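Each chain, written out:
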Amino acid sequence: KAGVTQTPRYLIKTRGQQVTLSCSPISGHRSVSWYQQTPGQGLQFLFEYFSETQRNKGNFPGRFSGRQFSNSRSEMNVSTLELGDSALYLCASKENLAKNIQYFGAGTRLSVL
Amino acid sequence: EDKVVQSPLSLVVHEGDTVTLNCSYEVTNFRSLLWYKQEKKAPTFLFMLTSSGIEKKSGRLSSILDKKELFSILNITATQTGDSAVYLCAVAWSGGGADGLTFGKGTHLIIQP
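These protein sequences, in sequence, are chains A and B. The opening residue of the first sequence carries number -16 in the working numbering; numbering runs sequentially from there. The opening residue of the second sequence carries number 21 in the working numbering; numbering runs sequentially from there.
So that you can see chain B by itself, here it is in the shape it has in the complex (with noise of 0.2 Å):
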């Protein structure tokens, strides 16, 4: 069964301070990994990794995905309050005439003044 799972599940930090927040998966026909941003309702997009190796970057925020040992990280530099949010991992798959995305429970970022 495909899996994503995300650590830490919630992480409090202060203003200024650097946050890692991690993706590991077992994906069966991985096609990329996407990372959303949920502050009240609806996720936004953040990033798309398809290949290893190659940093994404917007502005304060960079991730990162390894194929080889099935994980991404995001990195989130100089934290603000305006960061504070759940931060949703998925691994978008497809085969057998469907397609998808699996998705993490999430990282619950807070960020304290």
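Here chain A stands alone, though its shape is the one from the complex (with noise of 0.2 Å):
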């Protein structure tokens, strides 16, 4: 099975642009999970879809927001981009609500000048 898979591995916006990232989760996993990854930070949590609805959310403003297509393949979006959304986006799938792993795609390396 191909793993997750992440689009694109690397973009460059300056401030108060908008973005848009991409996640194929594992074929057959329907949750999909995003994590923002920085050095100061750590991985925080961002949003979680299964079955193109918005599980749970962390606390993030509402600049980012996401969605899940039937296919289980998701998307979040980035508005108005400041310097501190430098980041390395993590997707991350698993099979279902009772599962507990879940496996990461590459990310996608963010950069806002």
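The reader is advised that the hints may include incorrect statements.
So these bits of chain A aren't anywhere near chain B, every CB distance computed over 10 Å [unchecked claim]: (1) -5; (2) 1; (3) 13; (4) 27; (5) 38; (6) 69; (7) 83.
Coverage of chain B stretches by chain A, computed from C-beta distances (three or more under 8 Å per stretch; other residues unrestricted) [stated by the list, open to error]: (8) 27 to 34; (9) 72 to 86; (10) 114 to 120.
Label-pair restraints from in silico Cβ distances [unchecked claim]: (11) B/22 - A/22: 36 to 42 Å; (12) B/25 - A/78: 40 to 46 Å; (13) B/133 - A/34: 48 to 54 Å; (14) B/27 - A/-10: 33 to 39 Å; (15) B/34 - A/-16: 35 to 41 Å; (16) A/-7 - B/102: 31 to 37 Å; (17) B/130 - A/-7: 44 to 50 Å; (18) A/-8 - B/133: 26 to 32 Å; (19) B/37 - A/-7: 32 to 38 Å; (20) A/41 - B/133: 38 to 44 Å; (21) B/78 - A/11: 22 to 28 Å; (22) A/34 - B/70: 41 to 47 Å.
No lab work stands behind these hints: they were computed from the structure. Only a predicted model underlies this, so the values are computations on that prediction, with no experimental measurement involved. All C-beta atoms in this analysis are idealised placements derived from N, C-alpha and C, irrespective of residue type, glycine included.
Put the two chains together into one complex, using the hints given.
So this is what it looks like as structure tokens:
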């Protein structure tokens, strides 16, 4: 099985722009979670989607949003980018809600200039 | 507020040494504790521990959980340069119609030849 695929791998944007990141989970996995990773804060939870519904949201401003499609693929969007949004954005999938193990993609490295 | 604390935050040892990484937690609605290894980008799953006192082993790596004292340790024996990575501890929780993983900030392990 293919692993979790995230695109693009790298992005450079300027302040005020918006960005959309994509995540394709492992085939058959229906739960997708997003995390922001920075050197100072570590991995911080953004949101989780299951069956196209957002089940949980972390403590991030409304500029961060996401969605999940019927094929379980997910996108996250960040509007009005700020310098502090520069980070590695990781997507993880798991088979269903009863499972604990999440499998991670390689991430999208976002740099905001 | 849920928290996962890892120590030390960084560690430099020589090849062949044995290391012990620590993870303590205060998480409501605990389900399990997971260890991940992050070398470049994608964290890769190592162990999941659910019950106290049962050691999980994989080659030179082993881990154990103490649910009474709320901590786990990850041991690596006969370290090799390929063990250099960030080791992440995460606690899986479930409650209030949601579930997720709360991560520690990681231990950055460097193995010198």
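Results for each hint:
no., hint, result
1, -5, "holds (17 Å)"
2, 1, "holds (23 Å)"
3, 13, "holds (13 Å)"
4, 27, "violated (8 Å)"
5, 38, "violated (5 Å)"
6, 69, "holds (15 Å)"
7, 83, "violated (4 Å)"
8, 27 to 34, "violated (count 0)"
9, 72 to 86, "violated (count 0)"
10, 114 to 120, "holds (count 4)"
11, B/22 - A/22: 36 to 42 Å, "violated (21 Å)"
12, B/25 - A/78: 40 to 46 Å, "violated (29 Å)"
13, B/133 - A/34: 48 to 54 Å, "holds (49 Å)"
14, B/27 - A/-10: 33 to 39 Å, "holds (36 Å)"
15, B/34 - A/-16: 35 to 41 Å, "holds (38 Å)"
16, A/-7 - B/102: 31 to 37 Å, "violated (25 Å)"
17, B/130 - A/-7: 44 to 50 Å, "violated (25 Å)"
18, A/-8 - B/133: 26 to 32 Å, "holds (30 Å)"
19, B/37 - A/-7: 32 to 38 Å, "holds (35 Å)"
20, A/41 - B/133: 38 to 44 Å, "holds (40 Å)"
21, B/78 - A/11: 22 to 28 Å, "holds (24 Å)"
22, A/34 - B/70: 41 to 47 Å, "violated (26 Å)"
Checked against the numbered hints given earlier, this structure breaks hints 4, 5, 7, 8, 9, 11, 12, 16, 17 and 22; the rest are met.
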